[in-house]
Amino acid sequence: QVQLKESGPGLVQPSQTLSLTCTVSGFSLTSNSVHWVRQPPGKGLEWVGAIWSGGSTDYNSALKSRLSISRDTSKSQVFLKMNSLQTEDTAIYFCTRSGAVAKGWFAYWGQGTLVTVSS
Amino acid sequence: DIQMTQSPASLSASLEEIVTITCQASQDIGNWLAWYQQKPGKSPQLLIHSATSLADGIPSRFSGSRSGTQYSLKISRLQVEDTGIYYCLQRYSNPWTFGGGTKLELK
Numbered sequence: 001q002v003q004l005k006e007s008g009p010g011l012v013q014p015s016q017t018l019s020l021t022c023t024v025s026g027f028s029l030t031s032n033s034v035h036w037v038r039q040p041p042g043k044g045l046e047w048v049g050a051i052w053s054g055g056s057t058d059y060n061s062a063l064k065s066r067l068s069i070s071r072d073t074s075k076s077q078v079f080l081k082m083n084s085l086q087t088e089d090t091a092i093y094f095c096t097r098s099g100a101v102a103k104g105w106f107a108y109w110g111q112g113t114l115v116t117v118s119s
Numbered sequence: 120d121i122q123m124t125q126s127p128a129s130l131s132a133s134l135e136e137i138v139t140i141t142c143q144a145s146q147d148i149g150n151w152l153a154w155y156q157q158k159p160g161k162s163p164q165l166l167i168h169s170a171t172s173l174a175d176g177i178p179s180r181f182s183g184s185r186s187g188t189q190y191s192l193k194i195s196r197l198q199v200e201d202t203g204i205y206y207c208l209q210r211y212s213n214p215w216t217f218g219g220g221t222k223l224e225l226k
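Chains as they are written, first to last, in the numbering used here: chain F, 1 to 119; chain U, 120 to 226.
Everything labelled a hint here was simulated from the structure, so no lab data went into it. What you are looking at is a predicted structure, and each value in this text was computed from that prediction instead of being measured. Ideal placement from N, C-alpha and C gives every residue a C-beta, glycine not left out. Be a bit skeptical, because a hint or two may be false.
Stated by the list, open to error - Taking beta-carbon pairs under 8 Å as the criterion, some of the chain F residues facing chain U (in silico):
hint: 1; residue: Glu-46
hint: 2; residue: Trp-47
hint: 3; residue: Ser-61
hint: 4; residue: Ala-62
hint: 5; residue: Phe-94
hint: 6; residue: Val-101
hint: 7; residue: Ala-107
hint: 8; residue: Gly-112
hint: 9; residue: Leu-114
The shape of chain F in the complex, shown without the other chains (with noise of 0.2 Å):
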């Protein structure tokens, strides 16, 4: 069955860099794009970005100077890499999917990872 599962370090230095790891099983990335999206605790839903099938991204225009997406299809992974992190974006990161009859739409979430920013 199709799963996502998040991984990365929890904790991170303010103006370091993130690294997160979306590790998928069930289907192929070359057939299924993988979206990033984070939820600061107790807030709501904002979109990161995305990796399409084909292998362009496209990213949120407000952090796409810091962000970069990227996969290693033979190992079924997708990676999150940003840059000069700072408290703000202390967050829950998810990944996401798009399900078999509802095209587009995140039908699959992995389990989310917590990512706090801070010295």
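Mind docking chain U on chain F? Use the hints.
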């Protein structure tokens, strides 16, 4: 960026009551709208996509509608398990944007 103004921010309703949550888009987004439910400590769950289509496995008491740039999620007979926070999402244009959320509680 397209703004999604969601209302109300919070809502308390009784069992079996009809509940309606709305999202107002700042511009035309066609049917590029979805609704999600999120329970504490969990990932969001897709309820409605393409404004009016029920997602797989979602009870038929949930429905979505559109009137121009206003979108509504209706729960026809509120159940205990329907409590949580509801979000709308537009994917008409980059950046995809969520509404601010509606916290639904039982009265």
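Leu-114/F as chain U interface residue, shortest Cβ-Cβ below 8 Å: violated (11 Å)
Glu-46/F as chain U interface residue, shortest Cβ-Cβ below 8 Å: Holds, about 7 Å.
Interface hint compliance - Trp-47/F to chain U, C-beta minimum distance less than 8 Å: With a minimum Cβ separation of about 4 Å from chain U (threshold 8 Å), the hint on Trp-47/F holds.
Interface hint compliance - Ser-61/F to chain U, C-beta minimum distance less than 8 Å: holds (6 Å)
When the least beta-carbon distance from Phe-94/F to chain U is tested against 8 Å, hint result: For Phe-94/F, the interface hint holds, since the closest Cβ of chain U sits about 6 Å away, which is under 8 Å.
Restraint satisfaction for Gly-112/F [CB to CB of chain U, less than 8 Å]: Where the cut-off is 8 Å and the nearest Cβ of chain U is about 6 Å from Gly-112/F, the hint holds.
Interface restraint verdict for Ala-107/F against chain U (beta-carbon cut-off 8 Å): holds (5 Å)
Agreement of hint Val-101/F with chain U interface, Cβ distance less than 8 Å: Given a least distance of 6 Å, the restraint on Val-101/F holds.
Hint check: 8 Å Cβ-Cβ cutoff, Ala-62/F to chain U: Hint on Ala-62/F: holds, closest Cβ of chain U at ~7 Å, below 8 Å.
This entry does not satisfy hint 9, going by the numbered hints stated previously; all others are met.
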